[in-house]
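Could you put together the complete structure from these sequences and hints?
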Amino acid sequence: SAVISQKPSRDICQRGTSLTIQCQVDSQVTMMFWYRQQPGQSLTLIATANQGSEATYESGFVIDKFPISRPNLTFSTLTVSNMSPEDSSIYLCSVGNLMTGTHIQYFGAGTRLSVL
Amino acid sequence: AQSVTQLGSHVSVSEGALVLLRCNYSSSVPPYLFWYVQYPNQGLQLLLKYTSAATLVKGINGFEAEFKKSETSFHLTKPSAHMSDAAEYFCAVSESIQGAQKLVFGQGTRLTINP
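As they're listed, the protein sequences go chains A and B. Counting in the working numbering, the first sequence runs from 1 upward without gaps. Counting in the working numbering, the second sequence runs from 1 upward without gaps.
Don't take each hint at face value.
Dumping the calculated DMTMM-like pairs for lysine to aspartate or glutamate here, alpha-carbon to alpha-carbon at most 25 Å [as the list claims (entries may be wrong)]: (1) A/K65 with A/E86; (2) A/K7 with A/D64; (3) A/K65 with A/E54; (4) A/K7 with B/E88; (5) B/K49 with A/E54; (6) B/K49 with B/E66.
Source of the hints: derived by calculation from the structure; they are not laboratory data. This structure is a prediction, so every number in the text was calculated from the model and none was measured.
And the structure:
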């Protein structure tokens, strides 16, 4: 399994501002993903972070709102832009490795975001 | 698209009792199935996985799950509940779309253990 570090672990932000969340893995991985977990709900995939190219977004999520970077095989960032209270959620990074063929994803501890 | 249904958003059992968390999936191809656990204020931890090998899968912390193709089910069980098992449990199925592997999660089941 991989060790995944997410920063910050939690934050309280004012509406209209932006927050960038970092995800660092201790080994090279082929796939990195960003999920949102709204209060009391399950996980929803925001996008797949692609190394060296634009992220692949799921229906309902757009790049202007959730820009993602992935400069190398161990690091990715997710920015939550122009925040509103509806963006209050847990944001989780996960990683997977196509080479294993197991489809397993390992998750970071998440970033707990509250927007006032 | 694949989907996952977890029956029961809340399950409460007594300490020492059997734990049964239900999961049904829909898939047109042999699936990869997972159970994850989320303890309060933590991320998701992999409990166990089914990847087309043995139908009875053993995981961590005494949990196991049985893949039943005829019932499209992957229920999670533990013979004797412990207070430390109190958490949110998520069943997930993996699908491959254009070479990308994605997890689709059920709505989750909150497990409460009564002393």
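Now the hints, each set against the structure:
no. : hint             : result
1   : A/K65 with A/E86 : 13 Å, holds
2   : A/K7 with A/D64  : 21 Å, holds
3   : A/K65 with A/E54 : 14 Å, holds
4   : A/K7 with B/E88  : 23 Å, holds
5   : B/K49 with A/E54 : 30 Å, violated
6   : B/K49 with B/E66 : 10 Å, holds
Hint compliance for this structure: hint 5 is the single one not met.
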